Amino acid sequence: MRRLLTSPPLSLAVLLLWLLLVADFSPGQLAIGVILALLLPWLAGLLEPERAAFGRTIALLALTRRVLWDMILSNIEVARRILGPERALTPGFVWIPLDLTSIHGITALASIITLTPGTVSAELSEDRRFLLVHCFNLKDADVQIAEIKTRYESLLMEIFP
Amino acid sequence: MEFALASLIGLLTAAGVYLLLRARSFDVILGLTLLSYATNLLIFSSGRLVIGKPPVLEDGVATTLAHYTDPLPQALVLTAIVIAFAMTAVTIVIAMRSRSDNGSDHVDAGGEGMP
Amino acid sequence: MVFQLPLLLALPFAFAVVMLVWRPASRRTTAWLAGIAPLIGLGLLAALTPAVLDGSVPQSIHPWVPQLGLTFSLRLDGLAWMFALMVLAIGVLVVMYARYYLSQNEDAPKFFGYLLLFMGSMLGMVVAGNLLLLAIFWELTSISSFLLIGYWSRQNEAREGARMALTITGAGGLALLGGVIMIGQVVGSYELDAVLAAGDLLRAHPLYPAILALVLAGIFTKSAQFPFHFWLPHAMAAPTPVSAYLHSATMVKAGVFLLARLHPALAGTELFFYVVTSVGAATLLVGAWNAIFQHDLKGLLAYSTISHLGLITMLFGLSTPMAVVAGLFHILNHATFKASLFMAAGIIDHETGTRDMRRLGNLRRYLPFTSALAIIAALAMAGIPLLNGFLSKEMFFALALEIEGHAGMRTAASVVAFLAGVFGVAYSLRFVHDTFFGDGPRAVDREIHEPPRFMKIPVEVLVVLCLAVGVVPAWTIAPVLATAAHGVLGDAVPEYSLAVWHGFNVPLMMSLGGVIGGGLLYLGLRRLINLHAVARHAFGRHLFRVNTRALLTNARRFTFHVTDGSLQRSLWWVLIALLAVAGLPTLTALGAGAGASQPMPALGWAVWLVAVAATVTTVFLHRKRLLALLVVGAVGLAVSLVFVLMSAPDLALTQLLVELVTIALMLLALNYLPQQSVRTDNNARRWRDGAIALVIGAGIGTLAYAMMTRPLDTVATELLARSLPEGYGRNVVNVILVDFRGFDTFGEITVFGIAGLVVHALLRRARIAADEVVPGVADPLPMPSNLSHLLFPLALAVSVYLFLRGHNAPGGGFIAGLVLAVPLLLQYVLLGSQHVESRLGFDYVRCIGIGLLVAAATGVVPMLLGYPFLTSGHAEPRVPLVGELPLASAMGFDTGVYLVVFGGAMLILSMMGTVRPPRAPTGKAVPPAPAPAEPTNVEPA
Amino acid sequence: MNAALEYLLAALLLIGSGFVLVGSLGLIKLSDFFKRLHGPTKATTLGVGCILLASIGHHAWLGDGFGLREILVTLFLFITAPVSAHLMSLAALRIGLERRPPRPGARSGDPRPENPDRRRG
Amino acid sequence: MFMVAAAMLFSLYRLLAGPSVPDRILALDTLYINTIAALMLFGMQLHSTIYFEAALVIAMLGFVGTVMLSKYVLRRDIVE
Amino acid sequence: MIAAVEAPVALTSLGAHLPVLPILLPLLFGAVLLLVERRGIALQRTISWLGVATLTAVAAALLLAADTGTISLYLVGDWPARLGIALVADRTSALLVLTTTLLAGACLLYACAGWDRRAIHFHALFQLQLTGLNGAFLTGDLFNLFVFFEVMLIASYGLLLSGGRGPRMRAGLHYVVLNITASTLFLIALGLLYGVLGSLNMAELALRTSQAGAADLALVRAASGILLVVFCTKAALVPLYLWLPNAYSRAPAVVAALFAVMTKVGVYAVLRVYTLVFGDLAAGGEAAALAGWAWEWLLPAGLLTLVLATLGALASKSLRMLVAFLVIASAATLFVAISLGTAAAISAGLYYLVHSTFVAGALFLVVDLIRRQRGAVGDNLDVAGPLRHNALLGLLFGTAAISVSGMPPLSGFLGKVMLLDAVPADAVAWTWSVVLVTSLLTVVALARTASQTFWRAQPWPQTTPLPAPPSRIQVAAAALLLVYGIGMTVLGGPIMRYTDAAAAQLLAPADYVRAAHGATPQLREPSP
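Protein chains in written order, with the UniProt record's numbering: chain A, 1 to 161; chain B, 1 to 115; chain C, 1 to 941; chain D, 1 to 121; chain E, 1 to 80; chain F, 1 to 528.
No lab work stands behind these hints: they were computed from the structure.
No experiment lies behind these values; they were computed from the predicted model shown.
Ideal Cβ placement from N, Cα and C applies to all residues, glycine included.
Treat each hint with caution, since some may be false.
Cβ pair distances, simulated, as ranges [what the hints assert, rightly or not]:
1) A:P85 with E:Q45: 32 to 38 Å
2) C:W475 with F:I486: 47 to 53 Å
3) F:A376 with C:R916: 35 to 41 Å
4) F:T520 with C:V616: 49 to 55 Å
5) B:T64 with C:W605: 25 to 31 Å
Use the sequences and the hints to build the structure in full.
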């Protein structure tokens with residue numbers, strides 16, 4: 001089973017993707033979807049350097065909700081800033097120390113940071129312990145760090161132990 | 001619309017031709033790319049410009065040119081795009097090799113002339 | 001139809017081939033082989049002789065290219081018979097002579113092989129019954145004589161002489177060919193019988209002057225007539241047997257043979273008379289005068305040959321039947337005495353090691369027998385009574401005096417004839433005196449003795465002939481001459497007598513005067529100037545050299561100038577041609593009738609603006625390559641948006657994907673190319689290029705506009721209508737691609753696959769230095785690579801989706817293949833090629849091969865069922881659980897497309913991604929070798 | 001209901017387009033690269049998301065066929081946008097558009113908007 | 001629609017004006033995303049879902065260009 | 001479950017598929033070759049030979065079938081000609097397919113002496129090149145012609161450059177860029193034609209051209225002008241020939257020999273398109289103005305090319321360059337012939353085409369053999385050591401030289417006589433003088449070369465090892481091509497009967513159009 005289903009979440013994702021794509025839930029398409037769901041992650045797995053290990057799935061949902069909401073909020077914020085005078089901006093870099101160790105976790109975090117407006121993750125230090133983040137409007141670096149760590153990293157720690 | 005497209009084709013051709021006449025292999029390749037855009041647009045336009053009537057058949061719609069655009073030029077352009085891509089790939093590689101072997105990326109590099 | 005004729009002709013060729021292939025080691029065998037051919041030939045000729053003497057014409061005709069009028073017809077009339085006899089008989093003697101002439105270490109088989117080839121060509125020309133065939137053999141004599149003259153190929157002289165001979169006689173041959181074809185067009189046949197019978201038609205035809213000019217050009221060059229005579233003395237670089245053969249009986253006689261051959265067809269007009277006679281006369285004088293001043297024995301003989309050929313030509317120019325008889329007679333006589341003289345000269349050369357008369361002398365003491373023979377032959381050449389030369393020369397004198405109707409010409413001809421007689425005696429005297437009498441020999445490095453017995457026999461035979469003919473012409477030469485004359489003149493052969501003594505008459509006086517005058521001239525010249533010190537420049541050769549050199553230089557200069565190997569030049573010309581052929585004539589005609597433009601939505605204008613601005617920027621940025629590439633990317637995007645706007649989703653998809661892959665390719669390549677273009681061209685050039693670019697662009701744009709605004713009438717309606725019921729697909733574009741025009745797609749994927757192969761072939765063993773290497777180790781960029789992992793299987797799924805959907809919605813094998821390739825490319829980019837290839841060992845070459853086979857197989861299956869290639873089928877099997885699964889056979893074809901596209905794209909990308917750096921001691925990139933001086937851009941003329 | 005839906009869709013469209021526009025506007029207006037990076041990578045992303053939502057509704061409403069396929073587009077965008085943003089900022093750092101703050105043992109990320117070395121490629 | 005068109009033009013400006021390479025890369029990236037928006041809008045206008053595949057492919061693979069270009073700036077050799 | 005198995009007439013016999021086989025077979029063999037590439041050269045050679053052998057058989061059968069005078073149509077995919085793609089085999093295309101195949105046999109033989117080991121993918125590319133060539137000769141669809149042009153070209157790039165270095169790369173770059181430019185123009189012309197006439201099938205185009213109005217005709221004229229430039233670029237006509245000498249003289253011998261047929265594709269395309277599509281079909285009406293305009297350009301251009309190419313041959317400093325210029329000259333002669341436009345002249349052109357293909361191939365091979373015997377001097381026309389195997393090589397070179405220069409008695413002479421004979425009275429003066437004078441200059445150039453190569457020599461330096469003797473296989477390959485030429489001479493009559501008929505067929509495009517329209521699909525509805 002393990003060999004057949006190398007990465008269940010990925011397989012699930014493929015199956016969902018397939019069904020969404022064909023927009024047809026007939027048995028035939030389902031069958032094709034299942035076949036693909038089994039086959040493709042296996043193919044992709046051949047290339048994968050580090051296998052992901054998933055922790056709690058519930059946290060994932062919580063995270064998703066939080067991220068979506070933050071996105072909308074901060075987008076409006078950024079839009080306002082763009083439209084406003086540029087002088088009011090104080091952009092800057094900040095290194096965020098990481099507690100996460102899983103590379104997948106870090107990836108997710110970096111993505112989230114980028115997706116939530118106002119911050120772009122720019123570089124990961126070579127020892128994977130710090131993440132360089134560029135802030136659109138940096139008022140207080142420590143506040144920013146704390147916010148990121150509490151809002152996202154803690155949840156991610158649960159997902160990627 | 002026709003005028004816009006025709007002017008675009010003309011401009012692309014002109015730009016392509018100009019770059020084609022440059023002396024460096026990469027410029028020439030860029031020129032060929034632009035030329036192939038122009039060509040593709042031209043072939044495409046031979047089916048006339050129709051907005052919003054893609055040639056994907058729907059039930060209950062008469063299969064005439066009033067409801068669908070001419071599919072043939074599209075097929076031709078597809079073929080042309082693919083072939084142009086293949087040619088570009090080969091040209092690029094030759095340019096690389098020529099530069100490496102002849103020490104310069106001048107298109108006429110490495111030859112002692114004629115004959 | 002007689003079998004002897006083809007056999008006669010085939011013999012020398014066959015023996016030549018045997019000789020050249022077998023290459024007998026012993027010279028004896030070689031010589032026998034070479035001798036047997038003409039001997040058998042003589043036998044065959046003898047078998048035919050009674051018939052010929054009776055006045056009949058044995059023929060042999062085989063069709064060859066009937067549409068051209070070219071038949072392989074052979075025909076032995078009197079003239080041909082006489083010449084064949086001469087060619088074969090003297091051929092036998094020359095072979096015998098050459099057996100002893102050639103030294104031990106020379107390549108005898110080659111020599112005799114060439115000689116036989118030449119003999120065959122000559123025979124062929126003589127017996128040809130079709131003018132085209134005659135022209136063929138005519139040129140063959142040129143070619144084979146080229147080989148013979150150049151036999152001593154180490155010598156500069158030989159090579160040059162051979163080339164000169166080939167050039168001049170080859171040119172004449174081509175002219176002759178032209179003339180022959182014209183004759184054929186006028187007469188309607190190339191058959192000799194028809195042509196000879198159509199003399200009146202020819203002479204009256206408006207093309208007659210042209211025909212005459214072309215044919216005479218052939219004749220004059222071959223017979224070394226003034227002003228084409230200069231090749232002949234240089235042909236003396238050939239071994240002496242060759243000279244003896246070519247310049248007495250054969251090669252140069254080919255010209256006069258043709259003169260005789262076509263006499264009934266072409267002669268008899270004022271034009272003919274004046275041209276031929278005066279050219280002959282000029283040659284006669286020039287040759288004879290020059291002969292006096294030669295130091296080389298063979299040179300003297302060569303100029304004498306020229307002069308005698310001039311004499312013969314002049315005789316034929318006179319055109320009276322009697323003159324023809326005299327001409328034929330002199331042909332025979334000249335052949336005998338000149339062949340013997342050449343052979344004698346060869347013996348002298350052979351025994352003394354030199355042919356230079358300044359070093360010879362008094363040879364009668366050392367070579368008494370040879371001397372006697374040579375002296376007799378020389379006297380024959382001088383026209384001394386009781387020798388054959390006298391007879392024909394006297395006929396010539398008589399004829400010159402009897403020219404009717406052209407008083408001026410008569411006087412001139414008589415003077416020329418007399419002068420020629422004087423000169424002839426003078427150079428003959430010089431030959432005899434300087435070689436066999438007086439003091440000498442000087443500076444000769446060997447002991448001189450008589451040559452081997454058999455080397456002299458040919459000379460003896462010929463000299464005996466000279467004597468016999470000279471003394472008793474009626475018993476010896478008369479029948480031959482009569483036959484030949486009949487061959488030319490038919491029944492119009494005049495009454496003539498071949499007696500030695502015609503009583504005291506003007507010709508005899510002229511002969512006597514000639515002898516006396518010649519003697520005086522020679523002595524006088526000796527007294528006045530030192531003949532030995534006269535240095536003659538070969539003016540003709542000089543001219544030839546100068547001309548040849550000029551031709552070569554100019555050709556070279558011109559070719560250099562025009563084709564300097566510049567790509568820009570080539571492209572420039574393409575554009576000019578485009579303007580000239582397609583642009584100017586049309587655009588003027590286009591003008592009216594352009595319809596109106598449709599309105600465009602705002603988005604369209606935005607796209608237009610993007611495209612236009614990006615294009616213009618590309619041009620201005622093109623030297624900064626990365627930037628240019630970026631901007632081109634925007635152009636590509638805009639183009640695909642155009643496709644979106646104009647109802648072409650498939651195209652938009654394809655364009656987008658191809659754009660991505662192209663950018664990848666260019667980036668990969670940019671790593672190995674300079675980052676910036678060095679500007680080498682000047683402003684003027686840029687303006688010029690810009691101007692032509694604008695003109696071309698405007699032209700194409702105008703054409704496009706004119707086309708777009710025309711009403712449309714295409715086969716599309718039918719395609720749309722038949723797509724679903726017969727092609728089983730809703731996406732008509734895809735149906736066209738895999739069904740209606742599946743064959744195009746087949747070709748297209750073949751192109752794609754081959755592109756992969758070409759790239760593979762070019763890069764597999766190549767080592768290319770990167771332009772600039774960024775220091776540091778490759779780091780796999782964990783973060784993006786990780787995310788892309790998530791993407792990869794999803795992309796695969798999308799690819800499968802697009803593939804399956806293709807027939808009914810935008811998508812299809814090609815697009816799906818690229819959608820598969822691009823994420824994989826991403827893996828390469830993010831993870832590095834080694835990583836990917838170590839985990840995903842994929843043989844892309846085989847992938848291409850399999851794809852092609854799959855595509856072909858779907859086409860072949862219907863063939864097995866009896867339908868044309870690529871006929872599509874359709875089935876909807878019910879699969880349990882799944883339901884109806886629509887399967888068009890086009891799907892199979894699309895699978896092939898999919899595989900080929902994927903394989904090809906990946907092969908290209910992975911090859912480009914894995915170029916190895918050159919083997920260099922340091923890991924650093926080796927800067928490319930300093931570019932050689934930039935080629936200066938020569939402006940096209 | 002229909003009217004409400006219609007208004008909703010229109011609103012979504014407007015918002016979406018608005019975000020797209022603002023994102024691009026930021027591209028023009030802002031003065032250095034890292035500031036500009038923010039606009040497109042997410043304002044635009046979100047804008048497109050809105051438009052896609054509108055599109056789903058639109059097609060469902062007009063009966064062109066209901067499908068959540070547009071969600072996939074959004075999904076992919078969400079996956080890919082960070083990757084490109086990340087790489088672009090790496091690239092920008094690489095060619096020195098902005099000096100990166102010193103690597104922290106103790107972090108000292110005092111941002112100084114300095115005159116970037118605007119090296120052209 | 002107009003807004004998206006305007007957005008595209010803004011991106012275009014940045015693409016053409018630079019000043020730096022990443023700027024242009026960013027602009028091209030934005031142009032791609034704008035294209036998706038344009039595609040969807042266009043599809044709505046025409047009541048057609050036919051452009052979905054194009055949008056999907058751009059969303060999925062459009063960033064590959066960005067990745068490659070960035071990698072090029074980073075390392076020159078985009079496939080190592 | 002295939003839809004309708006009960007077709008009225010099934011194409012059961014292989015013979016019915018003849019027109020597609022010359023394209024399909026090499027493709028299949030090429031694909032198979034790709035799969036077996038790792039299994040050693042012997043297997044590859046076997047398969048390659050199998051391919052050429054079957055192809056030869058097919059081509060011969062095709063010729064025999066065409067010689068009955070029928071124009072056989074093959075509807076690919078069973079679609080009516082105007083919808084799908086039709087292959088058309090008439091006398092001319094069958095002749096060219098056979099020529100290509102015969103040439104290919106000799107080239108393959110030569111390559112099997114060792115070049116195929118050095119050039120990666122040689123056998124596969126070789127077969128695919130044949131696919132492209134045959135496709136170009138057989139197709140009846142203009143766009144399909146373009147596609148097969150590209151197949152042929154890209155395979156030729158591979159053959160040209162595989163295993164090459166340095167100057168060859170540069171020559172290759174020129175060749176490729178120029179050809180891509182030409183292809184681009186080709187596409188533009190196709191777009192215009194489709195946009196105006198609405199079809200791509202040649203027969204259909206011919207029909208529609210004859211019915212087009214004046215305004216449309218201006219566009220058609222433009223398209224046909226562009227096409228002319230394209231074809232003439234491929235065929236290396238003035239002023240578009242500049243690319244050829246470098247490309248061909250840098251190519252490996254076997255490839256150059258195979259390329260001898262590539263210029264002929266351009267000639268063929270001109271012949272086909274300008275007799276059929278823009279031919280005299282209109283016979284009145286407005287389209288009549290279009291008929292024959294191309295010939296007026298081609299004749300002077302052909303003559304000029306002939307002169308320039310001959311000068312180039314004189315100027316050549318290397319053997320291969322000389323041969324390359326001779327190839328141009330032969331293509332130019334062809335153009336002269338066909339642009340005269342009469343049946344006799346076109347017939348002469350077809351004969352000359354076949355002849356010049358063989359002889360040019362032979363020359364490239366022979367010159368390569370010579371080059372290999374000349375040590376470091378190679379094919380530069382400098383003095384080298386005495387040529388070993390002088391006689392053999394001399395015989396080969398001599399035969400080829402005689403043939404190419406149009407000296408009797410070989411095929412070149414027959415071709416030239418046919419041409420001269422066919423020149424209409426009003427063109428005699430110029431044509432004759434040019435053809436005859438250039439013949440002479442060619443003779444001069446060749447005599448000079450032969451004398452330099454075979455006669456002039458300086459002793460080998462002691463240190464240089466003597467070159468290895470020429471491989472028997474290679475000699476055989478060169479000789480084979482020469483034997484073809486001799487065969488063409490001996491069989492001049494029958495061959496000329498064939499070319500006469502082919503020319504007549506070309507000049508009667510109405511038959512072609514009728515055949516194209518008369519061809520009915522087997523199970524599909526015919527086009528209205």
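### Message
Need the list of violated hint numbers for this structure, in ascending order.
### Response
As far as the earlier hints go, only 3 is violated by this structure.
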